[in-house]
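Enquirer: So the chains spell out like this:
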Amino acid sequence: MRVVIAEDLFLLRDGLIRLLEAHGMQVTAAVETGDELLAAVAKERPDIAIVDVRLPPTFTDEGLRAALTARQTQPGLPVLVLSQYVEQLYARELLADGSGGIGYLLKDRVLDSDQFVDAVRRVALGGTAMDPEVISRLLTHNSSAGPVAAVTPRERQVLALMAEGRSNAAIAQQLVISERAVAKHTASIFVRLDLQPSDDDNRRVLAVLAYLNR
Amino acid sequence: MSANTVTGAAAQVGRLLAAGLQTLYVVGLAVAGTAALLAAPVLVFATVIGVDDRIGPAGGGRFHLIFGLLLAVVPCAVWGLSWATGAGGRAAGAALLAPGVLAVAATTTYGGAPPGGGHGVVWPALALLPLGVLSARWVAAETRRLVGRWTGVAIEQPYRPAPQRSANAWQKVSWRSLSWRSLRWRAGGWLTDPATWRDVAWTALTGCAVLAPAAGCAAAAAIPWLLGPPALFVLYLAALFLSPLIGLWAAPLLLTLHARGARALLGPTRQAELALRVHHLAQTRADTIDSGAAEMRRIERDLHDGAQARLVALGMVLSAAEHLIDSNPEAARAMLVEAKSSSAKALGELRDLVRGIHPPVLADRGLADAVQALALDLPLPVRFAGGLTGRPPAPVESAAYFAVSELLANVTKHAGATQVWIEIGHTGAMLRIGVTDDGHGGADPAVGSGLRGIERRLAAFDGVLAVSSPPGGPTIANLEVPCALSSPKTSSCSGTV
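As they're listed, the protein sequences go chains A and B. With the working numbering, the residue at position 130 of the first sequence is 130, and numbering never jumps. With the working numbering, the residue at position 218 of the second sequence is 218, and numbering never jumps.
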């Protein structure tokens with residue numbers, strides 16, 4: 001798997017490269033700025049781009065904007081955005097095109113290398129990986145409006161884990177229910193959110209998007 | 001067309017009549033105020049020149065009796081009019097005029113002799129003196145209100161701010177808060193405030209402006225006796241029919257003059273304005289420094305008790321693991337797991353701390369998006385409207401952000417709302433943010449320390465917070481901060497929200 005990294009802190013960049021290479025991935029470019037990222041993505045055509053939100057020269061949301069631009073020029077390019085903090089606003093912006101292959105994680109998650117690499121793989125395959133913190137903040141909402149209001153509490157739990165990017169098997173394990181029950185719940189969620197049966201992965205992304213938009 | 005002319009003329013006459021009535025009220029106010037103010041000096045003067053009080057009413061003659069009675073009617077008229085046109089509080093204030101005016105009326109009626117005679121009158125005179133000053137302030141307040149209403153441009157309060165909430169007038173003192181100490185303090189504050197003496201000057205001046213022409217008319221009335229009855233008849237007839245017309249013609253002019261005078265004398269002087277400004281600046285500067293220092297202490301404490309302590313613990317666990325790694329690898333592994341979770345917690349605490357100091361999304365995206373991010377984190381449906389074309393100065397941005405954050409926290413904690421509306425905009429060099437909820441209302445900035453904190457924080461930028469929260473809701477909080485927007489440093493993210 002070919003990876004492009006955009007991260008301005010040397011320690012973290014170095015750590016990421018070592019971590020990913022230890023898990024058998026190939027880091028083809030490691031850059032510092034958004035512009036360099038766009039150039040590297042155009043040149044290397046990676047399987048996934050891992051991008052820090054804050055990059056030079058403005059140190060604001062340069063990385064996020066570069067990631068969105070990259071996805072416009074290369075539709076479907078999987079992007080995993082890392083940040084010191086998570087905002088639902090950014091999560092929504094990232095997911096807005098509804099095509100999947102989006103990850104948005106706290107930098108802390110790098111500490112748990114197995115889970116992190118797992119998330120990288122999922123995103124590279126077109127799935128989503130939303131940070132549990134984004135999800136947990138959503139859980140405090142009493143969604144009395146919108147389509148998500150129709151979802152039952154159990155289905156909402158499934159939806160939350162789905163938003164984190166877990167597979168049906170992982171969800172079943174987490175909630176201590178059978179995989180078939182999870183499949184039933186997800187089907188029910190798709191119906192409630194009025195998502196047409198098409199590509200299953202894409203429906204998962206759309207469900208997560210509906211969830212984030214409340 | 002003729003109908004138009006007729007209605008136009010009727011409107012004109014109506015305006016003139018209204019102006020005439022307004023002038024009458026102003027004149028009544030001036031007479032009553034002056035009489036109340038002059039009551040003490042008049043009584044003392046009457047005592048000193050020692051008109052024999054045995055002369056009695058008969059000695060004074062009819063003129064004194066009629067004048068005295070008229071004078072006594074004036075405060076009743078003023079009282080009645082302010083009752084009819086406004087709040088009971090104002091009418092109660094007008095009652096202050098009564099004792100002084102009655103004393104003057106009584107003295108006049110008794111032909112210049114103090115009622116009660118001789119030295120006994122000095123004591124009531126002493127009591128009438130502060131009452132006169134108070135009534136002058138009432139007259140000034142009433143004048144300010146009237147001129148503000150009639151001309152549409154309010155006259156600002158010129159008084160020095162009192163340490164308590166309502167600075168201006170005794171009218172607003174609730175009876176519960178009346179204690180001797182506060183009363184004495186207030187009285188002292190009033191007496192040393194130059195604005196009080198300008199009120200007194202205004203009352204005396206308007207009184208003279210009314211009384212001098214009146215005295216002139218009285219003197220002129222003596223002339224006909226020299227002319228003889230036929231001329232007298234013509235003159236009285238002319239006066240009877242002409243004086244209302246002249247009065248109506250002069251009323252608007254007089255009112256304009258009155259308004260200008262009031263603005264000059266009752267409004268804050270340049271010096272007073274500057275003094276108020278200095279006071280405000282000193283206050284807000286002290287508040288800013290205080291809150292800055294408190295914020296520093298909070299950050300220090302949070303770092304000391306949170307991340308710092310966790311890092312120390314982390315170091316200890318790691319060194320213990322280092323010792324154990326050969327002898328007991330299993331225990332060392334458990335310790336490393338513990339160290340990892342400890343470092344994750346430290347990171348979480350640091351993140352929360354940073355959010356409290358300066359939220360990253362505010363630094364990244366500016367106020368509108370940061371407020372929207374706040375709204376997204378709210379456990380309530382939020383409608384967000386408006387936006388900013390540029391970015392306010394960073395300190396204003398931060399103050400406004402935390403103000404909105406506090407308002408939204410109040411909504412979730414206290415309001416019991418089901419929907420929140422947030423509106424943000426920048427018009428006329430003023431940043432405006434409105435937060436409305438459909439909760440049960442009853443929020444009071446005087447009670448909630450949070451709202452007071454917002455007010456103080458915004459005051460440092462000359463910003464204000466207005467909260468309307470009737471019991472039963474809805475609560476509407478509007479904050480305004482004067483500021484300019486800089487051109488956006490970063491354009492927004494490709495229009496995806």
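It is possible that part of the hints are untrue.
Said to hold, decoys possible - Residues from chain A shown here face chain B by an in silico Cβ test under 10 Å; the list is partial: (1) Arg2; (2) Tyr85; (3) Gln88; (4) Tyr90.
What the hints assert, rightly or not - When the alpha-carbon atoms are kept at most 30 Å apart in a straight line, the in silico DSS-like pairs for lysine-lysine are as follows: (5) B:Lys413 to A:Lys184; (6) A:Lys43 to B:Lys345; (7) B:Lys345 to B:Lys413; (8) A:Lys184 to A:Lys107.
As the list claims (entries may be wrong) - Taking CB as the label site, the calculated pair distances span: (9) B:Ala313 to A:Gln173: 27 to 37 Å; (10) A:Leu19 to B:Val354: 35 to 45 Å; (11) A:Asp112 to B:Ala313: 14 to 24 Å; (12) B:Arg355 to A:Val176: 33 to 43 Å; (13) A:Ala150 to B:Glu423: 23 to 33 Å; (14) A:Leu19 to B:Arg355: 25 to 35 Å; (15) A:Ala39 to B:Ser486: 53 to 63 Å.
The set of hints was computed from the structure by calculation and includes no laboratory data. Just so you know, even glycine gets a beta-carbon here, dropped at the ideal spot from N, CA and C.
Enquirer: Are the hints correct? Go through all of them and say.
Expert: Going through the hints against the structure:
no., hint, in the structure
1, Arg2, "26 Å, violated"
2, Tyr85, "5 Å, holds"
3, Gln88, "4 Å, holds"
4, Tyr90, "8 Å, holds"
5, B:Lys413 to A:Lys184, "37 Å, violated"
6, A:Lys43 to B:Lys345, "39 Å, violated"
7, B:Lys345 to B:Lys413, "27 Å, holds"
8, A:Lys184 to A:Lys107, "34 Å, violated"
9, B:Ala313 to A:Gln173: 27 to 37 Å, "32 Å, holds"
10, A:Leu19 to B:Val354: 35 to 45 Å, "25 Å, violated"
11, A:Asp112 to B:Ala313: 14 to 24 Å, "20 Å, holds"
12, B:Arg355 to A:Val176: 33 to 43 Å, "34 Å, holds"
13, A:Ala150 to B:Glu423: 23 to 33 Å, "29 Å, holds"
14, A:Leu19 to B:Arg355: 25 to 35 Å, "27 Å, holds"
15, A:Ala39 to B:Ser486: 53 to 63 Å, "30 Å, violated"
Consistency with the previously given hints fails for numbers 1, 5, 6, 8, 10, 15, ordered from lowest to highest.
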